[in-house]
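Asker: Sequence:
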Amino acid sequence: MSVYPDIALIGVAKGGTTALATWFESHPEVAVSRIKEPNFFSTDIRPETFSRAYLRMSPPLSDSYW
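Going by the numbering used here, the first residue of the sequence shown is number 1, and it counts up by one from there.
One should not assume that every hint holds.
So the derived label-pair ranges between C-beta atoms look like this [said to hold, decoys possible]:
1. Arg-56 <-> Glu-25: 27 to 33 Å
2. Arg-34 <-> Gly-11: 15 to 21 Å
3. Arg-56 <-> Lys-14: 27 to 33 Å
4. Ile-35 <-> Gly-15: 15 to 21 Å
5. Asp-6 <-> Glu-37: 16 to 22 Å
6. Lys-36 <-> Asp-6: 16 to 22 Å
What the hints contain is simulated information worked out from the structure, not anything from laboratory work. Note that CB positions come from ideal geometry on N, CA and C, so glycine has one too.
Given the sequences, and given the hints that come with them, work out the whole structure.
Answerer: The following block contains the structure:
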């Protein structure tokens with residue numbers, strides 16, 4: 001089982017991403033990042049350490065999500 005995201009919600013400021021994330025989060029089989037803006041695609045973060053850090057802040061997943 002992969003603990004990396006299957007989908008990323010990306011949007012511009014005031015584009016409705018917070019409302020969409022809240023809507024997703026209300027579903028019992030969707031896990032949303034604990035941090036609103038995890039900077040997953042940021043280019044100024046060292047990739048060799050970012051993956052481990054990203055996984056630490058991801059919500060725990062179970063097989064019931066799949």
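Asker: Now, for every hint given, state plainly whether the structure supports it.
Answerer: Against the structure, the hints:
no.: 1; hint: Arg-56 <-> Glu-25: 27 to 33 Å; result: violated, 19 Å
no.: 2; hint: Arg-34 <-> Gly-11: 15 to 21 Å; result: holds, 19 Å
no.: 3; hint: Arg-56 <-> Lys-14: 27 to 33 Å; result: holds, 30 Å
no.: 4; hint: Ile-35 <-> Gly-15: 15 to 21 Å; result: holds, 18 Å
no.: 5; hint: Asp-6 <-> Glu-37: 16 to 22 Å; result: holds, 19 Å
no.: 6; hint: Lys-36 <-> Asp-6: 16 to 22 Å; result: holds, 19 Å
Hint 1 from the earlier list is the only one contradicted by this structure; the remaining hints agree with it.
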